[in-house]
Each structure stands twice: as C-alpha cells, then as structure tokens.
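*Asks:* Residue strings, one per chain:
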Amino acid sequence: MSDPIVIVGAGQAGVALAAKLRALGHAGRLILIGDEKVPPYQRPPLSKKYVSGELDVERLLIRPRDWYAEQNVELRLEERVVALWPREHELTLSDGARLRYRRLALTSGARPRTLPAEIGGALPGVVTIRGLADADAIIPQLKPGMRLVVVGGGYIGLEAAAVTAAKGMQVTVIEAAERILQRVAAAETSAYFRELHRCHGVTIREAAGLERTEGVDGRVASVLLKDGTVLPADLVIVGIGVLPNDDLARAAGLAVENGISVDESGRTSDPDIFAAGDCASFPWQGVRTRLESVQNAIEQAEHAAAAMLGAAAPYNPVPWFWSDQYDVKLQIAGLNRGYDQVVVRPGKRPGSQSVWYYRQGVLIAVDAMNDALAYAFGKKALEGGKTIAPAIAADPTADLKAALG
Amino acid sequence: MPKVTWILKDGKEITADVPVGHNLMEAAVAKNVPNVIGECGGCLSCATCHVYVDPAWYAKTGAPDDMESDMLEITVAERKPTSRLSCQIKAVPELDGLILRVPYI
Ligand SMILES: Cc1cc2nc3c(=O)[nH]c(=O)nc-3n(C[C@H](O)[C@H](O)[C@H](O)COP(=O)(O)OP(=O)(O)OC[C@H]3O[C@@H](n4cnc5c(N)ncnc54)[C@H](O)[C@@H]3O)c2cc1C
Ligand code: FES
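If you read the protein sequences in the order shown, they are chains A and B.
For the record, in the first sequence the residue sitting at position 89 is 89 according to UniProt numbering, with numbers rising by one throughout.
For the record, in the second sequence the residue sitting at position 56 is 56 according to UniProt numbering, with numbers rising by one throughout.
Everything labelled a hint here was simulated from the structure, so no lab data went into it.
Each hint should be verified, as a subset may be incorrect.
[Claimed, not checked] Lysine-lysine pairs mimicking BS3-like chemistry, simulated, CA-CA at most 30 Å apart:
id : chain 1 : residue 1 : chain 2 : residue 2
1  : A       : 20        : A       : 380
2  : B       : 60        : A       : 20
3  : B       : 31        : B       : 60
4  : A       : 167       : B       : 3
5  : B       : 90        : A       : 348
6  : B       : 80        : A       : 348
7  : A       : 226       : B       : 31
8  : B       : 3         : A       : 380
9  : A       : 380       : A       : 401
10 : A       : 329       : B       : 60
11 : A       : 49        : B       : 9
12 : B       : 9         : A       : 37
13 : A       : 49        : A       : 329
14 : A       : 329       : B       : 12
15 : B       : 90        : A       : 49
Note that the structure is a prediction, hence the values are computed from the model and not measured.
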C-alpha cells in the first residue's frame with residue numbers, strides 16, 4: 001500500500017488528475033513528474049495572448065506554485081521518465097534511478113510534427129510552438145516588418161498568423177490541402193477565416209505544396225513551394241499537427257493505437273496503468289478517438305483518476321474547443337466527424353455567425369464565430385442529447401432557446 | 001490591491017488581495033476557491049467561473065456584455081440577476097471590498 005501513485009507528464013491532464021485524486025479523498029503519496037522547467041501551465045495562450053506580451057508566466061500557471069505542497073503533491077520538474085516496467089511496477093528516470101509505483105498515469109501529451117531535416121526542417125529559424133520554451137525563444141525574434149511564413153493552416157498556425165500580423169509582421173500562411181482548416185471544419189468556416197485573415201493583410205495560399213525551406217548562412221531565408229514560388233522568410237512557424245507521446249507505453253508493451261489505447265474509463269491494457277489527454281485514444285461513439293483539447297485533458301484525466309481509485313465511469317464527453325484570432329472568438333461544441341449536412345446561421349452582431357453540423361439529421365457540432373449564444377445552445381442541445389433541426393438553426397429569427405424546449 | 005471576498009454555500013469566506021488587472025477567475029483559482037474552475041483559462045468558453053455578485057456591488061462590477069450574457073445561458077448553477085462570469089471582471093481599485101457568492105454545483 002505504501003507505493004505511491006505516479007503521474008508521468010506535468011501538464012493540463014496531469015494536474016487535473018492529481019487534483020481529482022485528492023478531491024476524491026485519496027490521501028496516499030502522489031508524485032507528479034514533468035520534464036519542463038515550469039510547473040504545469042496553460043498552452044492555449046502560447047499562440048494567442050502570451051505572444052503579444054499580455055500575460056506573464058505566473059498567470060499561465062494552471063495552479064499557483066504553492067498549491068502542490070498544500071495538496072501534498074510531490075511535483076518533480078525537469079525530470080524525464082525514460083522507461084516503464086509494468087510487471088515490476090517500476091519506472092526509470094533519466095538519471096537512471098528507479099521508482100516504484102502502485103498505480104501509474106501517463107499524461108505525456110503530444111509533440112509537434114516537424115518538417116523532415118532533408119527539406120530544411122532542422123534549419124535555425126524553422127520553429128514549432130508546443131511549450132513555453134518554444135514561445136520564449138520565438139517572441140524576441142518577432143519584429144515589425146519581418147517576413148513570416150506559417151506552414152499549416154490549422155488553428156495553431158492561424159492563431160500564430162493572427163498574433164504576428166497584429167504585431168506588424170508580413171505573414172503568409174501556406175496550406176497543402178485545398179483549404180485552410182480542412183481537417184477540422186466545414187468549407188463555410190474555412191471561408192470565414194480566410195476572409196478574416198485577408199482583411200488583416202495576411203496572405204493565405206491554399207493547395208500550396210511545400211518543396212523545402214532554404215537557408216543562407218545557416219539560417220532559414222526562404223520557403224520554396226512545389227509550383228516554384230519562392231517566399232522570402234525571416235522565420236518559419238510550422239503548425240502541421242501533433243503526434244501523441246506514446247513511446248514509453250509502446251516500448252513497455254502496452255496497447256497503442258493513435259496514442260496510448262485506453263478503455264472508456266481511462267485504463268490502458270495494463271490494469272494498473274491509466275492514460276489521459278493528448279497522448280491517449282479512447283473508444284467513443286464506436287470509433288477509437290484521440291482529442292487534443294483542454295476540455296479533453298481535464299475531463300478524461302478526471303475519469304482516469306476515478307478509475308484509479310476503483311470508481312470507473314465511462315467518459316462520454318461533449319467536446320469543446322476555442323480559438324482566438326484578431327477580435328474573433330471561435331467556439332466549437334461537439335465533434336463534426338462524419339458530418340453530411342451543414343447549415344449557416346447568421347448571428348445578431350456584425351461578423352457573428354455559426355455553422356451547424358449534422359449527421360443523418362442529428363446535430364453533432366457547432367462552430368460559433370463571435371456568437372456565444374449559438375455556441376451555448378448548441379452545447380446545451382448536445383449535452384441533452386437533443387437536436388436543433390437544420391431549418392431552425394438556419395433561420396436567424398428562430399428562437400434557439402424555444403427550440404430546445 | 002483590491003480585497004475580494006468569496007462566500008461559499010456553507011457561509012465560509014475566502015478573502016484575497018487581487019493584483020490590479022488580474023481577473024477574478026484567476027484570483028479565485030489561485031486561492032483554491034471551490035467551484036470556481038476556469039477550465040478555459042478565462043476566454044469566455046466554459047462558464048465554469050460563474051459567480052453571483054453581491055447585489056450591493058453589482059453597480060460597480062457592471063452588467064455582462066453581450067457575449068458574456070450569452071454564455072451565462074449555460075452555467076451549471078441557475079442564472080440570477082447578478083450572475084457574472086468572473087473571468088470577465090478585472091480587479092480595479094474601485095472594487096476594493098467586493099463580495100462574490102460562489103454557486104453551489
Ligand atoms: C500553441 C497551442 C495552442 C492551443 N490552443 C488550444 C485552445 O485554444 N483550446 C484548447 O482546448 N486546446 C488548445 N491547445 C491544446 C491543449 O493545450 C492540449 O490539448 C493540452 O495541453 C493537452 O494536455 P496534456 O496534459 O494531455 O498534454 P500537455 O499539456 O502537453 O502535457 C504533457 C506534459 O508531459 C511532459 N512529458 C512528456 N513525456 C514525458 C516524460 N517521459 N517524462 C516527463 N515528462 C514528460 C511534457 O513535456 C508536457 O509537459 C493548444 C495547444 C498549443 C500547443
Ligand atoms: S473561465 Fe471559462 S468562461 Fe470564464
């Protein structure tokens with residue numbers, strides 16, 4: 001009984017898991033191990049407010065520094081777990097020391113996909129944004145007038161484009177797919193953001209294949225596209241998605257499929273090991289699913305914590321997500337996977353609009369642009385297992401509240 | 001620094017000196033005020049920072065703007081006339097002594 005519960009990965013999910021274990025009354029020894037310098041912090045501002053210098057590090061922290069001691073959580077920073085030994089209930093730290101655990105949680109997050117070194121991905125000046133260290137290295141390089149190329153028109157890439165354009169940089173976003181946000185949103189939402197960026201002077205090139213980045217004197221100087229276009233670049237920010245940190249689990253022989261496979265309560269294929277957050281995939285609506293969001297990190301971690309204490313309950317989320325670009329707040333409720341119908345609802349304010357996704361007539365997601373009411377009622381409908389019919393959603397005069405009954 | 005007090009359902013009070021410019025969700029989280037969660041980090045997307053402003057103070061905090069008012073539609077606890085999302089209230093000197101009631105979830 002005296003061996004501790006150990007959590008590997010001190011991020012959004014790790015801290016939520018620790019907090020939930022304590023809230024559920026677990027009084028035993030609890031160790032939270034992370035390889036970064038700073039106590040767990042929020043990542044979303046790293047591509048938003050933090051870049052414009054509106055927040056200092058203390059305000060990014062998920063919990064204040066003294067919280068860990070108060071809650072009797074042994075926070076070990078700048079330590080890396082390098083191997084797991086499920087049969088022995090042990091793990092190995094980077095200094096070679098071994099640590100025994102009674103139960104283990106893996107909340108190791110994800111790492112950015114990078115451009116291959118063969119096409120210039122390793123050149124200085126070609127960067128990704130995942131952690132505070134990345135942001136702190138990039139921010140001093142941002143200067144008005146500088147030419148920035150963002151590779152990848154997903155949410156993080158577009159946010160990076162927005163904050164840097166607002167700082168006076170000349171920004172070009174290149175997207176390999178037919179349209180920005182193709183993987184995550186309908187054409188209507190893509191069109192909204194394409195226009196928004198255009199209005200702010202950002203050039204968006206869609207269906208633009210990247211050939212390579214090229215350096216001069218050991219630093220990136222340009223981006224060459226497949227069609228032969230050369231884009232001069234003082235800095236290249238790569239935002240082409242993330243890969244789950246599932247290597248520890250894989251090496252230890254745990255089931256891995258698009259991340260560490262867990263059951264609906266958060267348990268891996270080893271009964272004493274759990275996982276949650278960006279690193280974990282779980283069965284949801286009949287499909288193995290991995291979500292990359294704060295909502296998922298927190299709620300899945302809380303389910304895993306309950307399961308670790310013997311109170312397993314199925315995790316059946318209504319996912320939500322947000323993105324800030326310029327003065328537009330995008331809020332997303334649900335997951336639009338497999339949608340077959342989309343309707344657009346104009347909002348009550350200029351520039352506000354929502355996009356409603358249906359699968360076989362059933363509401364599955366809403367993207368709301370500066371339209372919190374649409375988000376709120378869309379989310380409420382999804383939480384209650386209700387549908388707001390497409391004809392009602394599309395009619396700006398229809399009362400959503402009444403439609404929910 | 002303005003002093004802010006959160007009153008919990010059971011009458012327990014938690015008081016903090018909040019740096020000017022910080023929002024009252026982050027101040028509550030820093031003080032471990034139960035039921036003020038702040039999942040979205042203050043970006044008006046979760047409504048988990050819902051509080052009831054003491055009616056005597058409501059004129060000073062002001063009413064929610066449009067977006068916030070819309071988000072108040074999905075609070076877990078009932079919306080009341082002085083409901084606010086505390087991430088949208090910034091600590092300013094005029095709010096010294098402010099009293100907020102934390103909804104019971
Ligand atoms: C720039 C940016 C913007 C974002 N914007 C949004 C947004 O607007 N809304 C939203 O919902 N989500 C957003 N996200 C996603 C969100 O931040 C993540 O989904 C969330 O942080 C996942 O939490 P996690 O705990 O699973 O992983 P993380 O927060 O990544 O934490 C994992 C931690 O584990 C550490 N670790 C990994 N392996 C080891 C090891 N072997 N030993 C020790 N430590 C280890 C990592 O270094 C890291 O500190 C954004 C992410 C980024 C990067
Ligand atoms: S913290 Fe999410 S709405 Fe206030």
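*Asks:* Decide if the proposed pair is consistent with the structure: residue 60(B) and residue 20(A), CA atoms, cutoff 30 Å inclusive.
*Replies:* violated, 35 Å
*Asks:* Run the distance test for residue 226(A) versus residue 31(B): straight-line Cα separation, threshold 30 Å.
*Replies:* violated, 54 Å
*Asks:* Would the pair residue 80(B) and residue 348(A) pass a check requiring their Cα atoms to be no farther apart than 30 Å?
*Replies:* holds, 23 Å
*Asks:* What's the verdict on residue 380(A) and residue 401(A), does the C-alpha distance respect the 30 Å limit or exceed it?
*Replies:* holds, 10 Å
*Asks:* For the pair supplied as a hint, residue 49(A) and residue 329(A), confirm whether the alpha-carbon distance does not exceed 30 Å.
*Replies:* holds, 13 Å
*Asks:* Is the Cα-Cα distance between residue 49(A) and residue 9(B) 30 Å or less?
*Replies:* violated, 34 Å
*Asks:* Does residue 380(A) sit within 30 Å of residue 20(A), going by the straight-line distance between their CA atoms?
*Replies:* holds, 25 Å
*Asks:* Does the alpha-carbon distance linking residue 3(B) and residue 380(A) stay inside the 30 Å limit?
*Replies:* violated, 35 Å
*Asks:* Just to be careful, I want the Cα atoms of residue 329(A) and residue 60(B) compared with a cutoff of 30 Å; is the pair within it?
*Replies:* Roughly 26 Å separates the two Cα atoms, so the pair holds.
*Asks:* For a C-alpha distance cap of 30 Å, please report whether residue 329(A) and residue 12(B) respect it.
*Replies:* violated, 36 Å
*Asks:* For the pair we were handed, residue 90(B) and residue 49(A), check the Cα-Cα distance against 30 Å.
*Replies:* Holds, at about 16 Å.
*Asks:* Next pair to validate is residue 9(B) with residue 37(A); report whether the Cα-Cα distance is within 30 Å.
*Replies:* violated, 38 Å
Checked against the numbered hints above, the structure breaks hints 2, 4, 7, 8, 11, 12 and 14 and satisfies the rest.
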